[in-house]
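**Student:** Go by the hints and put chain S onto chain V.
Chains as they are written, first to last, in this note's numbering: chain V, 1 to 293; chain S, 1001 to 1311.
Just so you know, not all the hints are guaranteed correct.
Here are some, though not all, of the chain V residues that point toward chain S, as calculated from beta-carbon distances under 7 Å [claimed, not checked]:
1) Gly52
2) Leu54
3) Pro58
4) Leu227
What the hints contain is simulated information worked out from the structure, not anything from laboratory work. By construction, the Cβ of each residue, glycine as well, lies at the ideal position given by its N, Cα and C atoms.
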Amino acid sequence: MSDMVLGKQSGRDKLFRGLVYVILGVFVLFYLTPLYVMVVTSVKSLDEILSGSLLAFPKTLDFYGWDEAWNNACVGTECRGMAPFMINSLIAASLATVIPTAVGALNGYALSLWRFKGSDLLFGMLLFGAFIPFQIVLLPMASFLGWIGWSSSLTGLTFTYIVYGLPFTTLYFRNFYVSFPPDLVKAARIDGIGFFRFFWRVALPSSVPIMIVSVIWQFTNTWNDFLFASTMTKLESATVMVALNNFVQVANGVKRYNVDMAAAIIAGLPTIAVYLIAGRYFLRGLMAGAVKG
Amino acid sequence: MALTDNIPPTRSAPVGKLKHGTTWLQRNIAWLTFLPTGILGAIFIYGFILLTIYISMSASKLIPDYTFVGFEQWERLWGMRRWGIAVNNLFLFSGMFIVIATAIGLLLAILLDQRIRAEGAIRTIILYPMALSFIVTGTAWKWVLNPGLGIESLLHDWGFVEAQFDWLVRRDRAIYTVVMAAVWQSSGFIMAIFLASLRGIDQSIMQSAVMDGASSWRIYRRIIIPQLGPAFFTAFVILLHMSIKSYDLVIALTNGGPGTATDLPSTFMFDYAFDRSRIAIGAASATMMLFAIAAIIVPYLYSELRSQDRS
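With the rest of the complex left out, here is chain V (with noise of 0.2 Å):
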């Protein structure tokens, strides 16, 4: 903690301190303002947003927008409403947050206590796959999806999204292990206890913290991902970013900003209960995915 306080010493550094405040609250204002904007339209007529103004409350409070979201949206040619598409973001999401954060904790654990000759090469190797843009595989992962059957299917999608997870949570659980006490899995090799059972026993059960982390990075990423959802997919397979995108972008006749908001918040809204559960956690993963360290 600072012990040093912007206007501390001085009678005019009060001053200073309300302009902090004042600063904060700006900044506070404009991170909400699209936020408050995007809930106060969701709940108005459309009768009311094209008069009315754009940061003014709701006169009535009107759940169309929410209704048809729900319920009725079409994107593409199936008008069945957000819903469906929730789902099969619901089942790649979970299937890829649970599979590369099982496989990610072994690799890390093998790669950073069971040290073997060309571990850490192959980590940074791994690591590089955590970077790269992915637009460098789209072309090739396409066909090969289309080669083993998977074209346009949730299953493709979903293993796609597997084996561009394992390098980030490799690296989360390599990057965990590696500060355990060295002297601990030597007195356990010593004692013949082996590789499954110091897992399943030591390692494991200590590193809840870091599950957390890659848990709530991997479902947010694969929610929030629309490249490959839009490339790897068709209608029925689609996302909800790709029906979301589908249903403000392909307008006809009048848009209907209302139900546009409702769509985009239904969409967001998984993701950011994940955030103000797990704040801290998620903090966590986008800095161990940044900072190696």
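**Tutor:** Then chain S, alone, in the frame of chain V:
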């Protein structure tokens, strides 16, 4: 590959020999565990990268044609006006995005480090856009920036009857709206990086500076900010990496338009590889993106891993 131990004290005595009765499997279990991931990585990361680079050197158009044509497609790509626009836009976008997001991130971190009341709540608000998909962000900003009903009409309501704010649909301004939305989304993360770095600074130097009667402004400028070097570097790498990969936000906000005014290499790539079916050109543009990222990330990862080993 034998199981060699990197932990110094046991280096002289391989673990395999410490305990009798260890099987081959037990000695090799570590790399065997990693093997499946290693194979997947070899195929889906490195194999596919090489394949894409090869496609970019092939005669492929609508359908793959693996006749090798050397750098012909690369030359064609760099001769394309639209690619030129995309690259130009990337410079413009990333330059502004990096500078503005860094400035805002640093300012917010310094302000939040002043023992602020409700710091946690403010931090949560500043960082929440990071949890949102760019598609959601783009949809929201598209509505806010809508020339007819968005900020422009708000300005009219406030009495600025002449005010115009139609950047979203103006060729020469649309790219700035992308910068605005991107800054909104990402600056909170940069704030978190700087704040973590500020909290790690040794307090004693500052104490003595305060004793000497140095002003707060001076202390920040001369003592604190110079110590944030690594945080600046991290922020720079992250933001540059983000801007090269930026795709969803542009798609949702402007869809590359008006016309090609907000095209980036990422949207160019997708358009040529999938919509126009000029596969080799698409692959060539993806290759350029990879080279740009590799030029930043490889030295960065190398230095990060090195410094980790030393500690």
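**Student:** Each of the hints needs a verdict: does it hold here or not?
**Tutor:** Status of each hint after checking the structure:
no.	hint	result
1	Gly52	violated, 9 Å
2	Leu54	holds, 5 Å
3	Pro58	violated, 15 Å
4	Leu227	holds, 6 Å
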